[in-house]
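Q: Residue-level listing of the chains:
Number of protein chains: 2
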Amino acid sequence: MDLRRREFAALVLGGAAALSLAGRAGAESDPLPSWNGGPAKDAIVKFVRATTDAASPEFVPLAERIATFDQDGTLWVEQPIYTQIVFAFSRVPEVVKERPELAREEAYRAILSGDRAAMANLSMGELLSVVGATLTGMDVETYRDEVEAWIGQARDPRWKRPFTDLVYQPQIELLNYLRANGYRTFIVTGGGQDFVRAYSERVYGIPPEQVIGTMFGLSFKPGADGKLLLIRETEVLLNDDEAGKPEGIHLVIGRRPHFAFGNSGGDREMLEYTKAGAGARLGMIILHDDGAREYSYGPAQGLPDSKIGTFPRALYDQAMKDGWIVVSMKNDWKRIFAFE
Amino acid sequence: MDLRRREFAALVLGGAAALSLAGRAGAESDPLPSWNGGPAKDAIVKFVRATTDAASPEFVPLAERIATFDQDGTLWVEQPIYTQIVFAFSRVPEVVKERPELAREEAYRAILSGDRAAMANLSMGELLSVVGATLTGMDVETYRDEVEAWIGQARDPRWKRPFTDLVYQPQIELLNYLRANGYRTFIVTGGGQDFVRAYSERVYGIPPEQVIGTMFGLSFKPGADGKLLLIRETEVLLNDDEAGKPEGIHLVIGRRPHFAFGNSGGDREMLEYTKAGAGARLGMIILHDDGAREYSYGPAQGLPDSKIGTFPRALYDQAMKDGWIVVSMKNDWKRIFAFE
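Residue numbers (the numbering used here), protein chains in the order written: chain G, 40 to 379; chain Y, 40 to 379.
No wet-lab data here; the hints were simulated from the structure. Worth double-checking, as some hints may not be accurate.
You can't tell identical chains apart in this list, so a pair holds if it fits in one copy or across any two.
[Stated by the list, open to error] No more than 30 Å apart at the CA atoms, straight line, and that leaves these computed lysine-lysine pairs for DSSO-like:
{"#": "1", "residue 1": "Lys266", "residue 2": "Lys199"}
{"#": "2", "residue 1": "Lys85", "residue 2": "Lys266"}
{"#": "3", "residue 1": "Lys260", "residue 2": "Lys360"}
{"#": "4", "residue 1": "Lys85", "residue 2": "Lys199"}
{"#": "5", "residue 1": "Lys266", "residue 2": "Lys314"}
{"#": "6", "residue 1": "Lys266", "residue 2": "Lys373"}
{"#": "7", "residue 1": "Lys136", "residue 2": "Lys360"}
{"#": "8", "residue 1": "Lys199", "residue 2": "Lys360"}
{"#": "9", "residue 1": "Lys260", "residue 2": "Lys373"}
{"#": "10", "residue 1": "Lys260", "residue 2": "Lys314"}
{"#": "11", "residue 1": "Lys199", "residue 2": "Lys369"}
{"#": "12", "residue 1": "Lys266", "residue 2": "Lys360"}
{"#": "13", "residue 1": "Lys136", "residue 2": "Lys373"}
{"#": "14", "residue 1": "Lys314", "residue 2": "Lys199"}
{"#": "15", "residue 1": "Lys314", "residue 2": "Lys369"}
{"#": "16", "residue 1": "Lys85", "residue 2": "Lys369"}
{"#": "17", "residue 1": "Lys260", "residue 2": "Lys369"}
{"#": "18", "residue 1": "Lys85", "residue 2": "Lys136"}
{"#": "19", "residue 1": "Lys266", "residue 2": "Lys369"}
Chain G with its partners taken away, still in its complex shape:
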């Protein structure tokens, strides 16, 4: 028998909970210091108290405390383009070396030439086709190692920092606060499941089994040396966006979340599914309205709609009507990044 209480708590609940088990952090200290006071912060604290107090009519048993978070635009920056697409672009030269016919396609020509304006004009269909060509064909362990290596050295164009520095500090605090209260935190992303898994534990404290994302089919076959490998195929098994989000949640968890956080039209169904459950359910959605500290985009602010992180006016209206909490980055977040 080798069961270590501390190690176990740290594993499943993250550092904050281990701390809380070991000595109980003072209840007076603010668990969300990067959040400004206001309706959004109040809603979070009220929800957590109501669902974790055994005397509350809205108490939720530990096993059912599931919180789901979109990633791009919800946990980290998604502009000017999803990080996974930057990774896919970085792999284009070596893929074209093996498949020279791709260089004749417009999308690959734009990427290879480094023409930023042309790249920005690629359609979502073209981007996904580049993802399919560059991020499949290898075994899952090789892929994880390649993502890890790339993300360790790549830099974003605006802050010139590792992409993993561009996670939102208020959300890291929220993840920790939920976990300290017995919630299991899941990522539910339209991005590739295995891409996010390569860094989710280190960056968010979220282990691989709690990452739901777009899934590629896998084949199980011998590699060059005869060793059996799980190979990433180009077929998309689950497009974990829009209605694919409740679908992915059911397939991987089999429980309806009590808490969901998103930032775009791709998160609508996850929020609807969460809110349609009985008892206390909190849905939250971020408004990117801080062009100075982050980005400002989407028609909710009267700005032109964006290919990345679409937030149509109808979604805003639905949020108001259905009681989702809209979070203004500008007003609700005291600090956006840890490096500020």
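Got chain G sorted already, so can you dock chain Y onto it with the hints?
A: For chain Y alone, coordinates are given in the frame of chain G:
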């Protein structure tokens, strides 16, 4: 803050671990009393000790302690036919009422007539088509309720007991023993994921998020009353058998198991995947060689091959060659069922 240590341990590790956390069960008491002494039991105990002793070169960190179990024929009886198929058959009359054209098909005629010989002769393709027609079209919560209600009252033909009584007592002890040592136990079944989830927690102590099975596609749309529902579609998203098992394991867990237990050709790839990992990996496979207490089938015993639980000679040879532990029900299990 409302974190209860005991409740938490009971949730994630099951009752045995909570007990062990609370007071430490005596290390002298045998955790596997329904197993006879011998190479199989020795292999289990040796594996658990080696992977949980921090001083051992084969130590496995808590997060990586993943054990996967096939269900049919590994955790409970699969003869004369999978329980899920019995459930599907029970639904045929009401489905035919709604779709009378099905009554013209040979498979449905056999089922409706109650002709056991004809039913036994249905091909696996016919059986799966009946499953597709009878176990889809409703929302996931309705389906769970219907499985629960049926399995609460149905009886198996031989022992005249609830199917959930036909779980193997030695395996319940093994699941508890692994969990008490920090292993998370998963079911990885060719059966329907949501079928097994309806009773897995009550019967095996395995929560829904630790059940991987054959997955049907889901749509998210309004029901008759306008409420949004997750509807089970007929499209099979993942056939969680053979190579589908390592695939399902990767999609849901994203970690390679250290321990895997199966009983048929459908488990071969799961065992291969498990054993191909670095460090300590234990693969086990059950031989159904006890016709008196359970069933005896499969060519490994020189018996004709069976549609259910195929165990070809080549699989036995592979087990010997690759060091999988073959468990003889007759010799290794002192007691098979709790009701004995």
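Q: Now, for every hint given, state plainly whether the structure supports it.
A: Consistency of the hints with the structure:
1. Taking identical chains as interchangeable, the C-alpha atoms of lysine 266 and lysine 199 are never at most 30 Å apart, the minima being 40 Å within one chain and 47 Å between chains.
2. In the homo-oligomer, the alpha carbons of lysine 85 and lysine 266 lie at most 30 Å apart only across protomers (27 Å), although the nearest pairing inside one protomer, at 53 Å, exceeds that limit.
3. In this assembly of identical chains, lysine 260 and lysine 360 lie within 30 Å of each other by CA distance solely across copies; the values are 19 Å between and 51 Å within a copy.
4. For a Cα distance limit of 30 Å, the shortest separation of lysine 85 from lysine 199 qualifies neither inside one copy, at 38 Å, nor across copies, at 51 Å.
5. In this homomeric assembly, lysine 266 and lysine 314 come within 30 Å of each other (Cα to Cα) only across copies, at 11 Å, whereas the closest approach inside a single copy is 46 Å.
6. When the C-alpha separation of lysine 266 and lysine 373 is checked against a cutoff of 30 Å, the pair qualifies neither within a copy, at 52 Å, nor between copies, at 38 Å.
7. Taking CA atoms no more than 30 Å apart as the test, lysine 136 paired with lysine 360 passes in neither setting, with 52 Å inside one copy and 41 Å between copies.
8. Proximity of lysine 199 and lysine 360 under a CA criterion of 30 Å is satisfied in neither setting, with 40 Å inside one chain copy and 54 Å between copies.
9. For the homomeric pair lysine 260 and lysine 373, neither the shortest alpha-carbon distance inside one copy (51 Å) nor that between copies (38 Å) is at most 30 Å.
10. Taking the shortest alpha-carbon separations for lysine 260 and lysine 314, only the inter-copy value of 14 Å comes in at or below 30 Å, while the best intra-copy value is 42 Å.
11. For a Cα distance limit of 30 Å, the shortest separation of lysine 199 from lysine 369 inside one copy, 22 Å, qualifies, whereas the shortest one across copies, 66 Å, does not.
12. In this assembly of identical chains, lysine 266 and lysine 360 lie within 30 Å of each other by CA distance solely across copies; the values are 16 Å between and 55 Å within a copy.
13. For a Cα distance limit of 30 Å, the shortest separation of lysine 136 from lysine 373 qualifies neither inside one copy, at 47 Å, nor across copies, at 62 Å.
14. In this assembly of identical chains, lysine 314 and lysine 199 lie within 30 Å of each other by CA distance neither inside one copy nor across copies; the values are 38 Å within and 43 Å between.
15. With identical chains, the CA atoms of lysine 314 and lysine 369 are at most 30 Å apart within one copy only, with a shortest distance of 26 Å there and 52 Å across copies.
16. Proximity of lysine 85 to lysine 369 under the C-alpha cut-off of 30 Å is restricted to the intra-copy arrangement: shortest distance 22 Å within a copy versus 58 Å between copies.
17. Taking the shortest Cα distances, lysine 260 and lysine 369 never come within 30 Å of each other, neither inside one copy (51 Å) nor across copies (35 Å).
18. Taking the closest pair of Cα atoms, lysine 85 and lysine 136 never come within 30 Å of each other, the shortest separation being 56 Å inside a single copy and 50 Å across copies.
19. For the homomeric pair lysine 266 and lysine 369, neither the shortest alpha-carbon distance inside one copy (52 Å) nor that between copies (35 Å) is at most 30 Å.
In summary, the structure is inconsistent with hints 1, 4, 6, 7, 8, 9, 13, 14, 17, 18, 19 from the numbered list given earlier, while agreeing with the others.
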